[in-house]
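Protein chains in written order, with this note's numbering: chain A, 1 to 134; chain B, 1 to 134; chain C, 1 to 134.
The set of hints was computed from the structure by calculation and includes no laboratory data. Beta carbons are placed, not taken as given, at the ideal position from N, Cα and C, and that holds for glycine. It is possible that some hints are incorrect.
Stated by the list, open to error - From the structure, some residues in chain C lie toward chain B, with a derived Cβ separation under 7 Å:
(1) V58
(2) D60
(3) F67
(4) G77
(5) G81
(6) V82
(7) K84
(8) V113
(9) D114
(10) H128
(11) F131
What the hints assert, rightly or not - Calculated pairs, DMTMM-like style, for lysine to aspartate or glutamate (alpha carbon to alpha carbon, straight line, at most 20 Å):
(12) C:K123 <-> A:E103
(13) A:K123 <-> B:D117
(14) C:K123 <-> A:E80
(15) C:K84 <-> B:E88
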Amino acid sequence: MPHLVVLYTGNLDRDLDMNGFCRTLADTMLQARDEQGEQVFPTGGTRVFALPAPYFAVADGKRDYAFMYLNLRMGRGRSEGVRKQVGEALLATAQQALTPVFERRLIGVTLQVDQGDESFGAKHSNIHPLFAKG
Amino acid sequence: MPHLVVLYTGNLDRDLDMNGFCRTLADTMLQARDEQGEQVFPTGGTRVFALPAPYFAVADGKRDYAFMYLNLRMGRGRSEGVRKQVGEALLATAQQALTPVFERRLIGVTLQVDQGDESFGAKHSNIHPLFAKG
Amino acid sequence: MPHLVVLYTGNLDRDLDMNGFCRTLADTMLQARDEQGEQVFPTGGTRVFALPAPYFAVADGKRDYAFMYLNLRMGRGRSEGVRKQVGEALLATAQQALTPVFERRLIGVTLQVDQGDESFGAKHSNIHPLFAKG
Numbered sequence: 001m002p003h004l005v006v007l008y009t010g011n012l013d014r015d016l017d018m019n020g021f022c023r024t025l026a027d028t029m030l031q032a033r034d035e036q037g038e039q040v041f042p043t044g045g046t047r048v049f050a051l052p053a054p055y056f057a058v059a060d061g062k063r064d065y066a067f068m069y070l071n072l073r074m075g076r077g078r079s080e081g082v083r084k085q086v087g088e089a090l091l092a093t094a095q096q097a098l099t100p101v102f103e104r105r106l107i108g109v110t111l112q113v114d115q116g117d118e119s120f121g122a123k124h125s126n127i128h129p130l131f132a133k134g
Numbered sequence: 001m002p003h004l005v006v007l008y009t010g011n012l013d014r015d016l017d018m019n020g021f022c023r024t025l026a027d028t029m030l031q032a033r034d035e036q037g038e039q040v041f042p043t044g045g046t047r048v049f050a051l052p053a054p055y056f057a058v059a060d061g062k063r064d065y066a067f068m069y070l071n072l073r074m075g076r077g078r079s080e081g082v083r084k085q086v087g088e089a090l091l092a093t094a095q096q097a098l099t100p101v102f103e104r105r106l107i108g109v110t111l112q113v114d115q116g117d118e119s120f121g122a123k124h125s126n127i128h129p130l131f132a133k134g
Numbered sequence: 001m002p003h004l005v006v007l008y009t010g011n012l013d014r015d016l017d018m019n020g021f022c023r024t025l026a027d028t029m030l031q032a033r034d035e036q037g038e039q040v041f042p043t044g045g046t047r048v049f050a051l052p053a054p055y056f057a058v059a060d061g062k063r064d065y066a067f068m069y070l071n072l073r074m075g076r077g078r079s080e081g082v083r084k085q086v087g088e089a090l091l092a093t094a095q096q097a098l099t100p101v102f103e104r105r106l107i108g109v110t111l112q113v114d115q116g117d118e119s120f121g122a123k124h125s126n127i128h129p130l131f132a133k134g
């Protein structure tokens, strides 16, 4: 159940094709491979949500700053190396997509990868079976 | 401070009465009882928030997939049995409400129950006193 | 990377200048000092996001209740005293700003400070250098 949430200041909406940005991040997740060469995230469970915050405050508020926060939550059981590799790949993807934005405005991007404490978890899906292994 | 956040792909907005869905989930939370038969969540502190993500990417992106993520955060001190019971009840409620949606489209639902690390917590409310025990 | 997310029931949008509210909370964060008198949060990394939930359910749903949830995530390494002080300062700021709202409607406010498990974290910013120490 990999789960990437992109939370960003609403002033970025004019600067980016956000659906395309989500797709690029999802593709980065799907391309991740572990130490055994296996796909890290199941295709049917991979999703990216992007939410603009209509109200916000950044730094000292004296300029039109923008901010984007990427929070990936992935299940337990993956190695530290895999978490780091996935985190770095996502940040690299975001940086590349945001290059034109960084060139013309003041923006900060932060990414955090969590495993969560998940006291209980469950799911129900008719997407997963479409990508079941043969 | 039970706190349920429903984050979903915006393409679900046409498929569901989301305020009614939130109410049904809140009622499920209010009906939960612990091993001593006591109400698990205080009425005045129970809330459900639902947020559509206007931008998203799911699985391989080749079809109009939908996704819904339910994240319950409940205070520490409840037993593992209570957390599991509440999680299962919420997923069952969601599955039932989403039955017509599952019949006509591709959708995944994931629920996670967390306790959080809560380094500090505080609250201020004029709703709680309305439901104080006599 | 201090990160404050304000999630609130959409029925509060008429009651509050939410951008001003975010600014006041950000200023409270910027004013925080640790035991050595140092600024707790770097100016360039401080941000507040406020998101109205368009759909929600609170308590028994029999009245027009409102709810606001403030979730601060701050990096590890700060003392328990600093976390408590920051949490209390943020709640006091919120309570003061919400005083007129508390006078005329039923509302609950909850604040939680987390450190997260952050398996991996990284950032990229052209805001930080603006506030670099000389």
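To see whether the hints hold, each was checked on the structure:
1. V58: holds (5 Å)
2. D60: holds (6 Å)
3. F67: holds (5 Å)
4. G77: Where the cut-off is 7 Å and the nearest Cβ of chain B is about 12 Å from G77 of chain C, the hint is violated.
5. G81: G81 of chain C check fails; min Cβ-Cβ to chain B is 10 Å, beyond 7 Å.
6. V82: Violated - the Cβ of V82 of chain C stays beyond 7 Å from chain B, reaching only about 10 Å at its closest.
7. K84: Hint on K84 of chain C: holds, closest Cβ of chain B at ~5 Å, below 7 Å.
8. V113: Result: holds, 4 Å to nearest chain B Cβ.
9. D114: Holds - the Cβ of D114 of chain C comes within 7 Å of chain B, reaching about 5 Å at its closest.
10. H128: With Cβ-Cβ at 24 Å, over 7 Å, it is violated.
11. F131: Result: violated, 25 Å to nearest chain B Cβ.
12. C:K123 <-> A:E103: At roughly 17 Å apart (the allowed maximum being 20 Å), E103 of chain A and K123 of chain C satisfy the hint.
13. A:K123 <-> B:D117: Not OK: K123 of chain A and D117 of chain B at ~24 Å, beyond 20 Å, violated.
14. C:K123 <-> A:E80: holds (18 Å)
15. C:K84 <-> B:E88: With Cα atoms ~34 Å apart, K84 of chain C and E88 of chain B exceed 20 Å; violated.
Of the numbered hints listed earlier, those contradicted by the structure are 4, 5, 6, 10, 11, 13 and 15.
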